[in-house]
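Trainee: Fit chain B to the known structure of chain A by using the hints.
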Amino acid sequence: MKESIDKIMRQLSSFFKYFDAASKNKAIDIMEFELGEMENIFALLVLGAFIGFPSPPMQITLDLMPDMENHFLMMLNKVDTAESPISDLLSAFDVI
Amino acid sequence: MESKNISLFFLGKGGVGKSTTSALIAVYLAGQGKDVLLVSMDPAHNQSDIFETSLSEKPYNITDNLAASEINIDLWIKNYLSEIEAQIKHSYSYLTALNLENYLDVIKYSPGIEEYAMLLAYKEIQKKYFEKDYIIYDMPPTALTLKFFGLPKLSMLWIEKLLDLRNEIIKKREIITKVKIGSKEIERDKILNKLNEQVKNYNLISKNFQDNKKTIINLVMNNDKLSFSESELIIKKLGTFNLFISNIIINKIQQDFSIHEIQKRFKHNSIKTFPLSKIPLIGLLSLKNFIASGVLLEGF
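Top to bottom, those sequences are chains A and B. Note that my numbering has the first sequence beginning at 1, numbered continuously upward. Note that my numbering has the second sequence beginning at 1, numbered continuously upward.
A few of these clues could be false.
Taking beta-carbon pairs under 7 Å as the criterion, some of the chain B residues facing chain A (in silico) [stated by the list, open to error]:
no. : residue
1   : Ile-84
2   : Tyr-92
3   : Tyr-109
4   : Ile-113
5   : Tyr-116
6   : Ile-176
7   : Ile-191
Not everything, but these chain A residues come out facing chain B in the computed CB check (under 8 Å) [stated by the list, open to error]:
no. : residue
8   : Glu-34
9   : Ile-41
10  : Leu-45
11  : Val-46
12  : Leu-73
Calculated directly from the structure, the hints in this document are not laboratory data. As the structure is a computational prediction, the values presented were derived from the model and not from experiment. We treat Cβ as the ideally placed atom computed from N, Cα and C, and that holds for glycine.
With the rest of the complex left out, here is chain A:
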């Protein structure tokens, strides 16, 4: 009897561990998506001059540019997919 209860408890524990990990992963995925969007907004604010957005005084952009290669590429990619922002959002939430 005790063995059976232990077995059930082990199974339950492993189920909850799996469930916890899956929830964590899902939450992290969403946070990473949010982080990506925030980085994109930052890129647009700093580097907007290159795609016709209002931008800060040019020297702020220029001083930060040497450390913003990823932001630059991200912004240019986003410009390509700017016409379908909903698809990005739905992918992040695994809707489709």
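Mentor: What follows is chain B alone, placed relative to chain A:
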């Protein structure tokens, strides 16, 4: 190193006599035994004509304790952009750097670069010649000068917003790293460091500009309606940057001049008057003779 000098800025509408006035004050102060550097920030570069010599970035000794130089803003822009370009080429992957070359070529025509180049030149001069008693800046006409004085405040507005967002990003990134790896990210954010560095720089410049023991802003004007209106605009605009005019110099005044109207209009500023010279003020001797003729220059 903290500079011990006093910076005197001369600004005003084009043609009112900023260059001559700043040259006169420079010669006067040097005559009082002070160590003076006169710097022309005006692209028109009248100081070479006034002192009848070809001035450059490197200070030229007019007398034992008076040197003069003319800042080449285009060269400052070129050097600044070259430095950024080199950093980008160093830190970006080959293909991105290659694709950016066209963008970088256009940047030199961006509005705002000229006043930043002036700010860089100002910073360098303050640092390099900190031992001078006085550094006298002959400024360009109004529009560019106002942009120069306004740049630290405008930049700070943007940087503060960018800093807020950057801090939010870092906070979020730290949470993700902590959940994923179980420890806080220790790598420092280079962008945050650069933004903090910019805050430090602009705060220092703003503090210098606003310290009326270190920075004395002189507004030169003539006794005419257009000059009055533009001077009022300059005072108002500088006020929005928390900068105040220490002296108003009414230049080229004639016999029938009355100071009362001006005192009424500019009641918060100290007013000084310079008479119209009968001879062109060209050459060190003419400037010295003009000063010797009894022009009141005390208080600078």
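Trainee: Hint by hint, note whether the structure agrees.
Mentor: Do the hints match the structure? See the list:
About 5 Å separates the beta-carbon of Ile-84 of chain B from the nearest beta-carbon of chain A, less than 7 Å, and the hint is met. Among the interface hints, the one on Tyr-92 of chain B holds; its C-beta lies about 5 Å from the nearest C-beta in chain A, closer than the 7 Å criterion. Interface hint status for Tyr-109 of chain B: violated, as the beta-carbon distance to the closest one in chain A is roughly 10 Å, over 7 Å. Interface restraint check: Ile-113 of chain B against chain A, minimum CB-CB distance 6 Å, threshold 7 Å, status holds.
For Tyr-116 of chain B, the interface hint holds, the least distance from its beta-carbon to any beta-carbon of chain A being 4 Å, beneath 7 Å. Because the beta carbon of Ile-176 of chain B sits about 5 Å from the nearest beta carbon in chain A, less than 7 Å, this interface hint is met. Annotation: interface hint on Ile-191 of chain B holds; nearest CB of chain A at approximately 5 Å, less than 7 Å. Annotation: Glu-34 of chain A was flagged as interfacial toward chain B, and the flag holds, the nearest CB pair being 7 Å apart, inside 8 Å.
With its C-beta approaching chain B no nearer than about 7 Å, Ile-41 of chain A sits inside the 8 Å limit, and its interface hint holds. At about 6 Å, the closest approach between the beta carbon of Leu-45 of chain A and any beta carbon in chain B falls short of 8 Å, and the interface hint on this residue holds. A least Cβ separation of about 7 Å between Val-46 of chain A and chain B falls short of the 8 Å threshold, and the interface hint therefore holds. Checking Leu-73 of chain A against chain B by beta carbon gives a least distance of about 6 Å; that is within 8 Å, so the hint holds.
Hint 3 from the list above is the single one not met by this structure.
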